[in-house]
Amino acid sequence: MALLQISEPGQSSAPHQHKLAVGIDLGTTNSLIATVRSGLAETIADENGQHLLPSVVQFLPDTLSDNENTYQTEVGHQAKTNAVNDPLNTIISVKRYMGRGLDDIAEHSVYRFIEEEGSVVPRIHTAAGNVSAVEVSAEILKKLKIQACNALGGELTGVVITVPAYFDDAQRQATKDAAKLAGLNVLRLINEPTAAAVAYGLDTGNEGIHVIYDLGGGTFDISILKLSKGIFEVLSTAGNTSLGGDDFDQVIAHWMMSEAQITDPDAALQRQVLDCARQAKENLSSQDCTSIHIELPADKNWHSELSLQQFEKMLNALVRKTLVSCRRALRDADIETSDIQDVVMVGGSTRVPLVRQMVGEFFSLEPLVNIDPDKVVAIGAARQADVLVGNKTDEDMLLLDITPLSLGLETMGGLTEKVIHRNTTIPVARAQEFTTFKDGQTAMAIHVVQGERELISDCRSLARFELRGIPPMVAGAARIRVTFQIDADGLLSVSAREETSGVESSIQVKPSFGLSDNEIETMLKDSFSHAQDDIDARKLREEQVEAKRVVEALNSALAEDAQKLLSTDEAAEIRQCIDELIQVAQGADQRAIKLKIEQVDKASAEFAQRRMDASINTALAGHSVDDIS
Amino acid sequence: MAITLTDAAAEHVVKFIENRAKGEALRLGVKTNGCSGMAYVLEFADKTEENDEIFEDKGVRILVDPKSLIYIDGTELDYGREGLNEGFKFNNPNVKDSCGCGESFNV
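Quick mapping for you: the protein sequence lines, in order, are chains V and R. To convert, note that position 244 of the first sequence is 244 in the working numbering; the numbers rise steadily by one, no gaps. To convert, note that position 6 of the second sequence is 6 in the working numbering; the numbers rise steadily by one, no gaps.
Keep in mind the hints are simulated off the structure, nothing from the lab. Worth double-checking, as some hints may not be accurate.
[Said to hold, decoys possible] Restricting the straight-line Cα-Cα distance to at most 27 Å, the calculated cross-link-like pairs of lysine-lysine (DSS-like) are: (1) K96(R) <-> K548(V); (2) K594(V) <-> K31(R); (3) K226(V) <-> K176(V); (4) K96(R) <-> K438(V); (5) K96(R) <-> K594(V); (6) K321(V) <-> K300(V); (7) K67(R) <-> K594(V); (8) K47(R) <-> K226(V); (9) K31(R) <-> K539(V); (10) K226(V) <-> K300(V); (11) K539(V) <-> K67(R); (12) K31(R) <-> K58(R); (13) K96(R) <-> K602(V); (14) K31(R) <-> K67(R); (15) K602(V) <-> K438(V); (16) K80(V) <-> K142(V); (17) K539(V) <-> K96(R).
[Said to hold, decoys possible] Quick list of simulated restraints, FRET-style, between CB atoms: (18) N51(R) <-> A608(V): 58 to 68 Å; (19) S364(V) <-> I54(R): 37 to 47 Å; (20) R320(V) <-> N51(R): 47 to 57 Å; (21) E570(V) <-> G74(R): 41 to 51 Å; (22) R481(V) <-> P93(R): 27 to 37 Å; (23) E24(R) <-> R481(V): 33 to 43 Å; (24) E18(R) <-> K539(V): 34 to 44 Å; (25) E76(R) <-> N48(V): 56 to 66 Å.
[Unchecked claim] Computed list of chain V residues with no C-beta within reach of chain R, every gap over 10 Å: (26) E47; (27) T157; (28) D339; (29) E410; (30) K418; (31) H421; (32) V428; (33) I507; (34) A531; (35) Q532; (36) F607; (37) Q609; (38) R611.
These numbers were taken from a predicted model, which means no experiment stands behind them. Every residue gets a Cβ at the ideal spot worked out from N, C-alpha and C, and that includes glycine.
Using the sequences and the accompanying hints, generate a full structural model.
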């Protein structure tokens, strides 16, 4: 027999191959890319050691080629710096425009949006031509892709990209399109809060309700997730699309300008003040006091100090605003703060001690902060990507989306044939070949079922359909390939195809709908406690099917050759045996059926021998021995 | 009845588990595969499932889920070499017939 090797848990059918997989946090302000190496998830730095890539793309006038489809772009830190001097060609916060029509985009956007004829996608007019939000995002993704390929030394097998939980289908589709344009194979889009929870390993065991507090550069999101049976469900989301760390900077900048009596700053001074404010904010995450120094025109420099206390007083109102959203999310999810198990902090602005303190007080919980809040989403995405490409090395790691029960179909005798086993992560596609049971069978009924038991009657029926137009063949000659496919949204489609003729048929079903957790549990328990019954039942059914097959085969042989090859008595004897077998096969005694089949075999052995001789004679008629040897 | 290992199999299992530096048991089982057959499962195990049957032979812990056990009870796991290829073999007394390659079988 074949020699086997020991596989990783749950990996026994697929050979273990390491594939490069990354997670991408495509953020409004900053983007990151992360991967899992030697079991450790970490973000990938660029050639300058920077992990955060500003989500800024500058489009440069194209002087090199006439091709409309290539742009000269600058992405990231350089683009961010250039934004001050080239605001109309430098696209910031493009995520806000993803999947949006012209009507949805705020009128006060600085960019010149153009609606092209024959296209519903608004485009931004730049020096390099008109570009859509998808194309801008693709530039960011391309940059991240190069960064990862360089660091990992190979092509990426697949990526997981995170999106806000509130993203609708159009926004998700736009994100997928951008990835495609960047030449990335998207394994799945996952929600940002889910990724954050995954990074903290909340998916392993901690069933319950988790809050993800995400205060980024320009946006605030609060998501309430419920984890049960390894699946995250978003209970509610709330937030503010124009509240974030940038507002903290603004508050400080505002204070500095009024203190320094700056009334009409030019762009450069404004930039300097803002940079100064950001530096002060960052310093105050670890210090009680920071000094501020601004160079004013005509050597009139301004110098001051900002204490943590002063700073926190300025921020209080802003942080309070986020708590209003938190309260709303709690109300929408219909839960109390006491129901919550963890609060995960995401986004650079959650480094501010006041934010941690006020959030902690609000939820009466110590927020989780040990993973860098800028990187936590990308890290979660990387862990998910690692699982999805099949590098899973830990049995109890992720079970984000799984099939709770096995899916299969009905075979002869009312038996279940499982095609996708339970706890398989989705999306997944599995195919199996089946064949016809009767000579000349031209159709096959396909009955899709869900459950762990051996008999169809104990499983749940999901759908039925028929494959018609199978060319007439002897039993067992047709090759019917049945494919079960579950997409990331949990949609099951089953298709059947007869390989020799190419006839096809298919159906779509929603697999896990209508089953409660309790029902699933009962179905699983039953399958264990009934294991022996099921085996006996299976053996009996298999024997019955075998009996039926023998009867079918003999009957068709008799119809063809009985007159030629058998005397009336011999034929009668075989028919007698067949009748007895039919009788016994209706009973429940598996051994008796087996014995009877053996008797029928014996009784018809001579007949089979004669048929064989007859067909050899036919084949040999008219040939000399030399033709054959 | 029980699940046992030959000396050669035990020696290799111990070596492989040590090398992996994680998990302490071996999981044997079957899954349905093909029109009527079963295929063997041979995996490292990181945790024991609630319903697992546990066997111990020559210092190796072996886990088998109760549904699989019916098909493979009495199996002796062997380790052998065929040409350049080497690996594990299931000497399963329950097998009535198996396909050419031995990867799927019938009870």
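Against the structure, the hints come out as follows:
At most 27 Å may separate the alpha-carbon atoms for a hinted pair to count; K96(R) and K548(V) meet this at roughly 20 Å. A distance of roughly 25 Å separates the Cα atoms of K594(V) and K31(R); the hinted pair therefore holds under the 27 Å criterion. Taking the CA atoms of K226(V) and K176(V), the gap is about 26 Å. The hint holds against a cut of 27 Å. For a cut-off of 27 Å, the pair hint linking K96(R) to K438(V) stands: about 25 Å separates their Cα positions.
Between K96(R) and K594(V), the direct Cα distance comes to roughly 14 Å. Compliance with the 27 Å bound is thereby established for this hinted pair. Pair hint K321(V) plus K300(V) does not hold up; C-alpha atoms about 37 Å apart against a cutoff of 27 Å. Restraint check for K67(R) and K594(V): satisfied, since their Cα atoms lie roughly 24 Å apart, inside the 27 Å limit. Using a Cα cut-off of 27 Å, the hinted pair K47(R) and K226(V) holds, with the two alpha carbons roughly 25 Å apart.
Taken as a hint, the K31(R) and K539(V) pair is honoured in the structure, with Cα atoms around 16 Å apart against an allowance of 27 Å. At roughly 57 Å between alpha-carbon atoms, K226(V) and K300(V) are farther apart than 27 Å, so this suggested pair is violated. The hinted pair formed by K539(V) and K67(R) meets the criterion: a straight-line CA distance of about 14 Å does not exceed 27 Å. Straight-line distance between C-alpha atoms of K31(R) and K58(R) comes to about 26 Å, which keeps the hinted pair within the 27 Å bound.
Proposed proximity of K96(R) and K602(V) is supported: the alpha carbons are some 20 Å apart, at most 27 Å. For the given pair, K31(R) sits about 9 Å from K67(R) by alpha-carbon distance, which is consistent with the 27 Å threshold. With a C-alpha separation of about 23 Å, the suggested pairing of K602(V) with K438(V) holds against the 27 Å cut-off. A hinted pair counts as satisfied when its Cα atoms are at most 27 Å apart, and K80(V) with K142(V) qualifies at roughly 17 Å.
The hinted pair formed by K539(V) and K96(R) meets the criterion: a straight-line CA distance of about 13 Å does not exceed 27 Å. Judged by the Cβ atoms, the range 58 to 68 Å given for N51(R) and A608(V) is violated: they are separated by roughly 46 Å. Between S364(V) and I54(R) the beta carbon distance is about 43 Å. The supplied range of 37 to 47 Å therefore holds. Distance hint check: the CB atoms of R320(V) and N51(R) are about 52 Å apart, consistent with the given range 47 to 57 Å.
Range check, E570(V) to G74(R): Cβ separation about 43 Å, and the 41 to 51 Å hint holds. For R481(V) paired with P93(R), a C-beta distance near 34 Å keeps the hint of 27 to 37 Å intact. Range check, E24(R) to R481(V): about 40 Å between beta-carbon atoms, so the 33 to 43 Å window is met. For the hinted restraint 34 to 44 Å between E18(R) and K539(V), the CB-CB distance of approximately 41 Å keeps it satisfied.
At roughly 60 Å, the beta carbons of E76(R) and N48(V) sit within the given window of 56 to 66 Å. Distance to chain R confirms E47(V) as a non-interface residue, since its nearest Cβ pair spans about 34 Å, more than 10 Å. Non-interface status of T157(V) relative to chain R is upheld: no Cβ of that chain comes within 10 Å, the nearest being about 23 Å off. Consistency note on D339(V): stated as away from chain R, and its beta-carbon is indeed over 10 Å from all of that chain's, at 28 Å minimum.
With 10 Å as the threshold on Cβ separation, the claim that E410(V) sits away from chain R holds: the shortest Cβ distance comes to roughly 13 Å. Consistency note on K418(V): stated as away from chain R, yet its beta-carbon is not over 10 Å from all of that chain's, at 6 Å minimum. In this structure H421(V) is not separated from chain R by more than 10 Å, as the shortest Cβ-Cβ distance comes to only about 7 Å. The Cβ of V428(V) lies farther than 10 Å from every Cβ of chain R, with a closest approach of about 15 Å, so its non-interface assignment holds.
Non-interface status of I507(V) relative to chain R is upheld: no Cβ of that chain comes within 10 Å, the nearest being about 21 Å off. Some Cβ of chain R comes within 10 Å of the Cβ of A531(V); the nearest lies about 5 Å off, and the non-interface call is violated. Residue-level check failed: Q532(V) sits 7 Å from the nearest beta carbon of chain R, not beyond 10 Å. No Cβ of chain R comes within 10 Å of the Cβ of F607(V); the nearest lies about 24 Å off, and the non-interface call holds.
At roughly 23 Å from the closest C-beta of chain R, the C-beta of Q609(V) stays outside 10 Å, upholding its exclusion from the interface. Here R611(V) stays apart from chain R, with its beta-carbon at least about 24 Å from theirs, past the 10 Å limit.
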